[in-house]
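Sequence order for the protein chains is G and R.
If you use the numbering used here, the first sequence corresponds to residues 1 to 263, in order.
If you use the numbering used here, the second sequence corresponds to residues 1 to 664, in order.
Hints listed in this document are in silico derivations from the structure and should not be mistaken for laboratory results.
Since the model is a prediction, treat every value here as computed from it, not as a measurement.
Hints are supplied without guarantee of correctness; some may be wrong.
As the list claims (entries may be wrong) - Counterexamples of contact, computed for chain G against chain R with all Cβ distances above 10 Å:
| # | residue |
| --- | --- |
| 1 | Glu114 |
| 2 | Asp165 |
| 3 | Glu167 |
| 4 | Asn168 |
| 5 | Tyr186 |
| 6 | Ala187 |
| 7 | Glu236 |
| 8 | Gly256 |
As the list claims (entries may be wrong) - Only pairs whose alpha carbons sit at most 25 Å apart, straight line, appear in this in silico SDA-like list of lysine to any residue:
| # | chain 1 | residue 1 | chain 2 | residue 2 |
| --- | --- | --- | --- | --- |
| 9 | R | Lys465 | G | Val218 |
| 10 | G | Lys144 | R | Gly470 |
| 11 | R | Lys340 | R | Leu294 |
| 12 | R | Lys316 | R | Lys379 |
| 13 | G | Lys217 | R | Gly464 |
| 14 | G | Lys217 | R | Ile434 |
| 15 | G | Lys100 | G | Ala49 |
| 16 | R | Lys407 | R | Ser376 |
| 17 | R | Lys465 | R | Asn347 |
| 18 | R | Lys474 | G | Lys69 |
| 19 | R | Lys474 | G | Gly256 |
| 20 | G | Lys159 | G | Leu127 |
| 21 | G | Lys145 | R | Lys400 |
| 22 | R | Lys350 | G | Asp182 |
| 23 | G | Lys217 | R | Val250 |
| 24 | G | Lys145 | G | Val185 |
| 25 | R | Lys316 | R | Leu294 |
| 26 | R | Lys114 | R | Trp10 |
| 27 | G | Lys206 | R | Ile258 |
| 28 | R | Lys340 | G | Asp165 |
| 29 | R | Lys441 | R | Asp426 |
| 30 | R | Lys573 | R | Gly632 |
| 31 | G | Lys145 | R | Glu553 |
| 32 | R | Lys484 | G | Glu27 |
| 33 | G | Lys16 | G | Gly256 |
| 34 | R | Lys407 | R | Glu553 |
| 35 | G | Lys207 | R | Ser376 |
| 36 | G | Lys159 | R | Gln46 |
| 37 | R | Lys484 | G | Asn50 |
| 38 | R | Lys400 | G | Asp174 |
| 39 | G | Lys69 | G | Lys14 |
| 40 | R | Lys379 | R | Lys400 |
Built from N, CA and C at the ideal position, the CB exists for glycine as well.
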Amino acid sequence: MKVSYFPGCTLKNKAKDLDMYAYKSAEVLGVTLEEIENWQCCGGVFTTANDEVATKLSSIRALKYAGDKEQPLVTVCSACHNVIKQTNHAMQTNSAFADKVNRYMAADGSYKGETEVYHYLEMLRDLVGFDVIKEKVVNTLKGKKIAAYYGCLLLRPNKVMRMDDPENPTIMEDLIKSLGADAVVYAKRNECCGGYISLESPDAAKKNSIAIIENAKVNGAQMIITACPLCKYNLEKCGADIPVVYFTELLAEALGVKEDTNA
Amino acid sequence: MQRVGVFVCWCGSNIAGTVDVEAVSEALKSEPGVVFSTNYQYMCSQAGQDMIKDAVKEHNLTGIVVCSCSPRMHEATFRKTAAAAGLNPYMVEIANIREQCSWVHKDVLTGTEKAIILGKAAVAKVNLNTPLIPGESPVTKRALVIGGGIAGIQTALDIADAGFEVDIVEKKPTIGGKMAQLDKTFPTLDCAACILTPKMVDVAQNEKIRIFSYSEVTEVQGFVGNFDVTIKKNARYVKEEICTGCGACVEKCPMKKIPNEFNLGMDNRSAIYIPFAQAVPKVATIDPNACNMLKNGKCGVCSKVCAAGAIDYTQKDEYINEKYGAIVVATGFNPISMDKFDEFAYNQSKDVITSLEFERLTNAAGPSAGKLVRPSDGKHPHTIVFVQCVGSRCESCAEKGKEYCSKICCMYTAKHAMLTRDKYPDTEVYVFYIDVRTPGKNFDEFYRRAVEEYGVKYVKGMVGKVTPEGDKLKVQASDLIANKQLHIDADLVVLAAAIEPDKSARPLATMLTASMDTNDFFTEAHPKLRPVESPTAGVFLSGACQGPKDIPETVSQAGAAASKVIGLLAKDKLTGNPCVANSNELMCNGCSSCANVCPYGAISYEDKEFRMPDRTTKVRRVAVVNPAVCQGCGACTVACPSGAMDLKGFANSQIMAEVDAICK
């Protein structure tokens, strides 16, 4: 299976691991990630301002690129996924916005929101299947207690994301279980890590992040996995004393392709 | 050809003010079939009616057109007048020249012109009228009440009190419903069991009432006055007539670790059980999923200890057929599942409970013998947070909650908060709310007492997150009035879960062809004027199956439903509405379009033999309308692609004649 892949800017520098292991793991699972040519930043944050079009155009170019190849568009960064899915939803539901966008896009041809957008986790669940992953595991993670950290952007707003129950999600826990490890369920797994507030008020972000890590640890977690570079940054920055890794790294480890990449 | 008389009413100045009534009666004189036309000040008065009767005799009239007010007002009056003059009452047509004409027009010219057109349409129709005779059907003098909660109990008692027989079908092993699980009732705080159990005993002792407990309705056929119902009595593996309810079996049963439904799983029961001490019927029931004897034939202790010899491991489900004249739905409600509301950590902590669980925790017969303790460690909670509207008024989250207000939560939460502060004054009690809605007799005073006398801390705002940490529940919430975030370390969190109709309601509605709204509440025939009747004749509604209700409201509705049933059962025969659909079997091709749109289930199909033009015989499937069930809505006549279906009194030809008269 071939899919179009939008990595996002952080994945090419700070969050290289998230990107690299995504590629490696997908290969094992029989999925080829075809990186979009000349992709640009997704726009960073999805602004709900009605007259704001410019920052959404790069997302739309990526969506159209995948659409022209008749492939689903897969992203792995929580923030990129959020922006691209919300932009696509706006193209489908807001005709005034879609019309405006298509005037800007005139040179590239029109786009109406036809492309299907998957987060890498959704791809694992819906296109690959956790049962298939289970069969491909070579290094079982049996006995490890791993806590999934969703953050705020991955599942919300639910009306648009349509990925999992935002208050009681299971998608990452199911992944952890399929890799043989124990999934730790804890209340703060979908609370905000502090996000960009770490720039302006590092203490506020720290308070949030510490509360999340403490809550995971109280429930027995030995490791936290996440899909978001900013979450990982905030959780680590606050002084986490348990490892915080990208879920793709854990996946690569279980699938036996982590060492290869290091070598 | 008909001989039609036209009678134009002035209605004082109501019609005559904007319609030239003289011109109308003059214009209609020349319409086809009209042999007499006149006008009068008040047609509905005795003098006016006499004028009609005299004209019928004098001019040998066969049809009557009255140009007057809406037929909803006086159609029945003029039909009676016609009958008194020896005409078939369905030979009367009303042209409404008041509500839809004189009242809405300002100038006489327009008003008069329109009145004439409406009169012409009525004349055109009456020319095609045929005498109609309503059918009669007998009434089975027995009622069925589905659901044995307080709604079903009250309805059954009231019907029995009027001397009619009633059967209650209850799917649980005992009647009593949700009210039996409650501790105290608002606003008077009398104990629920103290006022409910005497009623349960009344039901058991009433000779007119039969209880089918542990049973369900599986099939409903027939129509108002003549329902044919199949009731499935689930095997309880105990002979109901013999069991004395002594409880020896319950005590000796070795399987004691079965979650007790009555206490919402907060303690255990044995495999053979009596739900609670005052159960009616007080008979044991064996849970087939838990009993060793039934699962693998190894045990049999209950059979050995039963002095009455009531245990019967070979008992089978039993099907009973019974006839009823009326059916009352009283299937009640349940709190919604909290699975999708994990921001409150219901699935993560035993100390996050629903309000119904709180009722059991404070009930003397509950799992903690009435002591308010934390389910996790049995300790007394010092800080309790109540969260209202969990899943109610949930517009943005309709996929997991309900858009409507569950209505009862504000009052029971005030009750819980007040009782806690009364019994345990050292406890800090918070209530988070969107709005406090406590209308009702002595209701708002009750809530004010909780705040003013008992010092319950009401906070306008919602709880965003509950995080179990150690033995505390960290509650994060917003106080909208103080505009700040609150962090409370609570020992117990109580969720006022939204309520929804019982899951059995939807399949039951299909069986009864009774309509439901999008939330699966049964729809009433009219939201204001016929609140306890379903639009399906002979089906009545009692209690929360029709919408969220507290006990006082439920009991009033139960009584109202009973009085409607009594009104029906008191009749020996039912006179139908003759304006019903009927199918021309020669034109019907058996496509089922009509049956698919019929909201009352009045259409069935029969295989009939037809002589074909070539003298052969052919069997064809054709539609047959049951006139006792048909309500004359006309949906089928529109749906029928071959024009076979027609409505008596409103035939396609009559309606087309009216349209032609208007457009001429």
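Unsatisfied constraints (hint numbers, rising) = Structure breaks hints 2, 3, 4, 5, 6, 11, 12, 14, 16, 18, 19, 21, 23, 27, 29, 31, 32, 35, 36, 37, 39, 40.
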